Amino acid sequence: MESHIKLLAIYLIAVNVIAFPAYGIDKLKAKANAWRIPEKTLIGLGVLGGFAGALLAMKLFHHKTRHGYFWAANILSLVLWAFIIWRIAK
Numbered sequence: 026m027e028s029h030i031k032l033l034a035i036y037l038i039a040v041n042v043i044a045f046p047a048y049g050i051d052k053l054k055a056k057a058n059a060w061r062i063p064e065k066t067l068i069g070l071g072v073l074g075g076f077a078g079a080l081l082a083m084k085l086f087h088h089k090t091r092h093g094y095f096w097a098a099n100i101l102s103l104v105l106w107a108f109i110i111w112r113i114a115k
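The opening residue of the sequence shown carries number 26 in this note's numbering; numbering runs sequentially from there.
If you are wondering where the hints come from, they were derived from the structure by calculation, not from laboratory data.
Because the structure is a prediction, the values reported are computed rather than measured.
We put the beta carbon where it would ideally sit given N, CA and C, even for glycine.
Hints may be right or wrong, so weigh each one.
The calculated label-pair distances, taken between Cβ atoms and stated as ranges, are [unchecked claim]:
| # | residue 1 | residue 2 | range |
| --- | --- | --- | --- |
| 1 | N58 | A107 | 36 to 46 Å |
| 2 | K56 | I110 | 31 to 41 Å |
| 3 | K56 | W111 | 33 to 43 Å |
| 4 | I109 | P46 | 17 to 27 Å |
| 5 | P63 | V42 | 13 to 23 Å |
Taking lysine to aspartate or glutamate and the DMTMM-like style, the derived pairs with C-alpha atoms no more than 25 Å apart in a straight line are [claimed, not checked]:
| # | residue 1 | residue 2 |
| --- | --- | --- |
| 6 | K84 | E27 |
| 7 | K52 | E27 |
| 8 | K52 | E64 |
| 9 | K54 | E64 |
Take these sequences, add in the hints, and give me the full structure.
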């Protein structure tokens, strides 16, 4: 069981390491009127476990903070992943 938790921790760290800069890159591209990362990709990163990196990036970069569905998707993902971790650790 402990190995499952370690693998899950590695996975969650990796997806958050990807989600955080994705929001930052999208913010830079938005300022430059350049090609953007699709919203469904950004939300998908949060749903896949990158909610912490996404929420931190939203606050730090002031990006997508006016879109309620970004907050909702990431907070619901946090709750979902907390439940998954609780069930695995149980």
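Now the hints, each set against the structure:
| no. | hint | verdict |
| --- | --- | --- |
| 1 | N58 / A107: 36 to 46 Å | holds, 38 Å |
| 2 | K56 / I110: 31 to 41 Å | holds, 36 Å |
| 3 | K56 / W111: 33 to 43 Å | holds, 40 Å |
| 4 | I109 / P46: 17 to 27 Å | holds, 24 Å |
| 5 | P63 / V42: 13 to 23 Å | holds, 20 Å |
| 6 | K84 / E27 | violated, 33 Å |
| 7 | K52 / E27 | violated, 38 Å |
| 8 | K52 / E64 | holds, 12 Å |
| 9 | K54 / E64 | holds, 13 Å |
The structure is inconsistent with the numbered hints 6 and 7, although it conforms to all the rest.
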